[in-house]
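Student: Chains as they are written, first to last, in numbering that gives the first Met the number 0: chain A, 0 to 304; chain B, 0 to 248.
These are computed hints drawn from the structure, not numbers from a lab. Just so you know, these numbers come straight off a predicted model, no measurement behind them. A hint or two may mislead.
What the hints assert, rightly or not - Pairs of lysine-lysine residues, derived as DSBU-like cross-links and limited to a Cα-Cα distance of at most 35 Å, are as follows:
id, chain 1, residue 1, chain 2, residue 2
1, A, Lys283, A, Lys75
2, A, Lys114, B, Lys54
3, B, Lys73, A, Lys283
Claimed, not checked - Computed footprint of chain A on chain B; a stretch qualifies when at least three of its residues, placed anywhere within it, have a C-beta under 8 Å from a C-beta of chain A:
id, segment
4, 21-28
5, 65-73
6, 98-108
7, 189-199
8, 226-235
Ideal Cβ positions, reconstructed from N, Cα and C, are used throughout, including at glycine.
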Amino acid sequence: MQIYLPIAEVSVNAYLLLGLGGMVGILSGMFGVGGGFLMTPLLFFIGIPPAVAVATEANQIVASSFSGVLAHFRRKTVDLRMGVVLLIGGLVGAALGVVLFNYLKALGQVDLLVKLCYVVFLGVIGGLMFIESLNAIRKTAKGGALPTRKKHNWIHKLPFKMRFRVSGLYISVIPPLLVGLCVGILAAIMGVGGGFIMVPAMIYLLGMPTKVVVGTSLFQIIFVTAFTTMLHATTNYTVDVVLAVLLLVGGVIGAQIGTRIGVKMKAEQLRILLAIMVLLVCGKLAFDLLVMPSELFSIAAEGGH
Amino acid sequence: MRWLIALLFLAIPATAEEVVLGLSQNEVAITTSFDGSEIFVFGAVKREAPIPEGKLGVIVTIAGPPVAVTVRRKERRFGIWVNTDGVDIDGAPSYYAVATSSTLGDVLSVRENLRHKVSIPSMIQAVGAPNAVLDASAYVNALIRIQEAAGSFQLLEGKVVVDDETLFRTRIQLPAALTEGAYETRIFLTRDGAVVADYTTTIDVRKVGLERWLYSLSRNQPALYGLMSLAIAIFAGWGASAAFSLLRQ
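Construct all of the structure, not just a fragment, from the sequences and the given hints.
Tutor: Laid out in structure tokens, this is it:
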């Protein structure tokens with residue numbers, strides 16, 4: 000069944016979108032990630048204009064994060080105070096990101112920027128995850144203990160300290176603000192929640208306990224992506240609500256199926272699968288940038304507005 | 000001699016042959032399930048005198064609203080392909096189809112083409128382009144090539160069927176990715192490459208229903224549209240969470 004998207008102004012197969020939403024939903028349920036970093040490139044591949052894909056995906060992430068954060072609120076695994084500090088950084092970052100996005104759109108370089116961001120981040124995260132989970136599999140095979148994290152580092156020497164009770168931390172607000180800022184910029188440019196960057200940063204940089212990390216990052220992501228959605232909707236008119244709804248329906252159902260599959264698998268196996276998938280998407284995007292395109296010319300609305 | 004030919008031309012009344020046109024539809028509604036459309040153009044040549052001399056040609060064109068676009072070229076920089084140069088095209092139709100009863104060169108002389116702007120390249124206005132880059136024509140050709148591949152530009156030579164020099168008909172495909180607006184539809188009757196009669200009408204292409212409502216909301220009330228998108232997202236997220244926690248119990 001073909002469906003005409005009112006904002007993207009293209010006609011796509013509704014089942015394909017539902018299927019994509021479902022597939023990414025299953026993966027996000029299995030691996031506990033938002034899935035935005037997979038969905039946005041997949042939307043590029045099926046011919047949705049990148050600007051629309053990025054803006055609409057931000058809207059879809061609001062839904063999946065909201066669904067997830069409710070579960071975390073019930074389990075009391077959200078550090079609201081840390082969430083608000085990350086959020087302040089995130090909102091500033093999102094505003095900067097949209098300004099950068101619009102500036103490059105006028106120059107005709109926005110597709111390149113988005114794709115380069117994806118190649119770099121997917122490559123780095125996928126690579127690190129792959130190595131880390133390979134090591135973990137080797138260690139558990141040998142029966143060795145998992146390495147313990149350092150409790151104190153340079154982060155603890157910075158000023159403007161604040162107490163975060165739920166996380167059991169007394170640290171400066173500068174690092175969480177900076178983490179929020181970076182994630183906000185990425186959210187606006189890449190159309191992702193940024194969980195895949197924020198979660199490792201919260202664990203390894205801020206030293207937050209793992210159990211509150213996911214809930215807190217989801218809390219921050221809801222507001223940053225909601226803000227990004229509003230910015231894109233009011234400055235670029237690129238949020239396609241029909242596309243968002245189709246992706247949502249598939250995604251929400253897929254996520255619940257994925258969660259059940261995820262429970263039955265080992266954490267290291269899950270991580271290595273996720274790493275391989277991330278690297279595949281990264282490879283496809285990099286390949287498109289490196290290989291001479293069959294059509295060297297492209298058409299865009301004048302000035303990009 | 001010249002005045003004699005001129006007199007001969009004057010002797011033929013301007014309305015020696017006229018076009019009577021029918022369209023399968025003069026409105027195209029873009030609904031949620033819109034997946035392209037086919038316009039059936041048919042008509043007749045009305046004449047009160049015997050069939051004049053000269054080879055009859057029929058040309059049907061449909062042009063979408065003109066849009067200003069930028070054509071960009073990729074070049075290899077630091078090992079990757081990036082957009083480098085760009086040319087602004089002041090006006091190119093978002094959609095353009097030309098259907099003819101024979102090859103275009105056969106039914107329309109070069110001079111008449113210039114006067115009536117019928118062929119695809121004649122529809123593209125790139126006034127500022129030659130100043131911006133050396134090979135502006137490469138960009139115009141690229142625009143035509145890309146739009147032809149997308150089905151947005153169509154040259155349908157020999158696709159107009161003419162019966163008994165009187166009845167003509169053709170089918171023109173509108174692609175799924177269609178811009179809203181008035182689509183100017185022109186019919187030209189030619190004799191030996193010269194236009195003897197023409198007729199212009201418009202096909203109205205509009206988003207309707209939900210498509211119309213969402214599109215105008217997103218342009219006229221972007222803040223409201225954004226809030227609505229967020230509300231839908233939050234409601235769907237809450238709904239999914241509530242539904243599945245009910246299922247678990």
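Student: With reference to the structure, classify each hint as holding or not holding.
Tutor: Verification of the supplied hints:
1. Lys283/A x Lys75/A: Outside the cut-off at roughly 40 Å; violated.
2. Lys114/A x Lys54/B: violated, 56 Å
3. Lys73/B x Lys283/A: holds, 19 Å
4. 21-28: As far as the segment 21-28 of chain B goes, the hint is violated, because 0 residues have Cβ atoms under 8 Å from chain A.
5. 65-73: holds (count 8)
6. 98-108: violated (count 0)
7. 189-199: violated (count 0)
8. 226-235: Our answer is that it holds, as 8 residues pass the Cβ test (under 8 Å) against chain A, meeting three.
In the structure shown, a violation is registered for the earlier hints numbered 1, 2, 4, 6, 7, in ascending order.
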